[in-house]
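J.: Using the sequences plus the hints, can you model the full thing?
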Amino acid sequence: MASPSFCCRNFCVLNFAVTYTYFFRLLYSLSSDLQRAIGHAMCIDSPTIEDCREALSRDPIIRSLVGVDDNGQCDVSSVPLYRWRQIRDHTLRMDDGRDGLPTMLLAFDRPEAMSDGLREEVQNDHLEYLIRSERVVAAGPLHVATKKKSDPKSTAVGTLMIFNAQDRDDAIHFVENDPMAVAGVYETMTVHRYNQLDVTGKFVSENLYYPKQNTYQMKEAMEYWGYPVADDQTKWLNW
Numbered sequence: 192m193a194s195p196s197f198c199c200r201n202f203c204v205l206n207f208a209v210t211y212t213y214f215f216r217l218l219y220s221l222s223s224d225l226q227r228a229i230g231h232a233m234c235i236d237s238p239t240i241e242d243c244r245e246a247l248s249r250d251p252i253i254r255s256l257v258g259v260d261d262n263g264q265c266d267v268s269s270v271p272l273y274r275w276r277q278i279r280d281h282t283l284r285m286d287d288g289r290d291g292l293p294t295m296l297l298a299f300d301r302p303e304a305m306s307d308g309l310r311e312e313v314q315n316d317h318l319e320y321l322i323r324s325e326r327v328v329a330a331g332p333l334h335v336a337t338k339k340k341s342d343p344k345s346t347a348v349g350t351l352m353i354f355n356a357q358d359r360d361d362a363i364h365f366v367e368n369d370p371m372a373v374a375g376v377y378e379t380m381t382v383h384r385y386n387q388l389d390v391t392g393k394f395v396s397e398n399l400y401y402p403k404q405n406t407y408q409m410k411e412a413m414e415y416w417g418y419p420v421a422d423d424q425t426k427w428l429n430w
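Okay, so the sequence shown: first residue is 192 according to this note's numbering, each after it adds one.
Simulated from the structure, these hints should not be mistaken for lab results.
Remember, predicted model here, so these are calculated numbers, not experimental data.
There could be a bad hint or two in this list.
Stated by the list, open to error - Label-pair restraints from in silico Cβ distances:
1. V335 to G375: 16 to 26 Å
2. S223 to G375: 38 to 48 Å
3. T239 to P343: 12 to 22 Å
4. S341 to G417: 39 to 49 Å
5. S324 to R249: 37 to 47 Å
Claimed, not checked - Straight-line C-alpha distance at most 25 Å; calculated SDA-like pairs for lysine to any residue:
6. K338 to S248
7. K344 to H281
8. K344 to G375
9. K340 to G308
10. K338 to R254
11. K340 to S269
12. K339 to Q424
13. K338 to P302
14. K340 to M305
15. K338 to Q277
16. K339 to E311
17. K339 to S248
18. K344 to R301
19. K338 to M305
20. K338 to R244
21. K338 to V270
22. K339 to D280
23. K340 to Q314
24. K339 to G375
25. K340 to E245
26. K340 to A329
27. K338 to E311
28. K338 to V257
29. K340 to I278
30. K340 to E241
31. K340 to P271
32. K338 to S306
Backbone N, C-alpha and C define an ideal beta-carbon position, used for all residues, glycine too.
T.: Dropping the structure here:
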């Protein structure tokens, strides 16, 4: 997905959506019957936290939910915003939907976990568990969104993990057996299927104005390389 050409920091916004080139992953959380969206989780590339909030303040969905003042300004200070430190390891970059259905875990730590060192104690076991699973699309801890990444106040407060699961029971079994969960790091854990806004060109429609144009070239290439592209293979992308 599109991202700025300068050095960026990753921010995660929960429950809302944005439509700017800042974002690199936009997830619509789905109800258990997969029939409706019940929230959003959005990951954004942004050079500063101020730029991130400024982009959010211009988003139509957020403006409609949060409201605007008499001058047309939107105060987004109430929007949950975290710095997501995605683990940069190729073994945790599986294709979503390649083996199972794409699923999202959003977990928040116990208040005591911020100071008792438990998260750091089980971190290596946690990483090994994720790598050996061969199902993780992206994962990393959520930190307090401070202006500077090096700020000691930017402590870990939770985890955002995107992974593949055969069904809901499989997803719950996977996250409950994560060493972080077993050790009692988390206070709350929620699991959702999701729809991802696709802007890669993998799923395209026929050009109604120029029907002779081969708009399915990308889809055919992805299918050749083994990616799920048929409607019955990508139910989470079908509205």
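J.: Each hint: holds or not?
T.: Okay, the hints, checked on the actual structure:
no. : hint                     : verdict
1   : V335 to G375: 16 to 26 Å : holds (21 Å)
2   : S223 to G375: 38 to 48 Å : violated (26 Å)
3   : T239 to P343: 12 to 22 Å : holds (19 Å)
4   : S341 to G417: 39 to 49 Å : holds (41 Å)
5   : S324 to R249: 37 to 47 Å : holds (38 Å)
6   : K338 to S248             : holds (18 Å)
7   : K344 to H281             : violated (29 Å)
8   : K344 to G375             : holds (22 Å)
9   : K340 to G308             : holds (20 Å)
10  : K338 to R254             : holds (23 Å)
11  : K340 to S269             : holds (21 Å)
12  : K339 to Q424             : violated (42 Å)
13  : K338 to P302             : holds (22 Å)
14  : K340 to M305             : holds (17 Å)
15  : K338 to Q277             : holds (18 Å)
16  : K339 to E311             : holds (21 Å)
17  : K339 to S248             : holds (21 Å)
18  : K344 to R301             : holds (17 Å)
19  : K338 to M305             : holds (19 Å)
20  : K338 to R244             : holds (12 Å)
21  : K338 to V270             : holds (16 Å)
22  : K339 to D280             : holds (23 Å)
23  : K340 to Q314             : holds (20 Å)
24  : K339 to G375             : violated (29 Å)
25  : K340 to E245             : holds (19 Å)
26  : K340 to A329             : holds (20 Å)
27  : K338 to E311             : holds (23 Å)
28  : K338 to V257             : holds (23 Å)
29  : K340 to I278             : holds (15 Å)
30  : K340 to E241             : holds (13 Å)
31  : K340 to P271             : holds (17 Å)
32  : K338 to S306             : holds (21 Å)
Against the hints set out earlier in the document, violations occur for numbers 2, 7, 12, 24.
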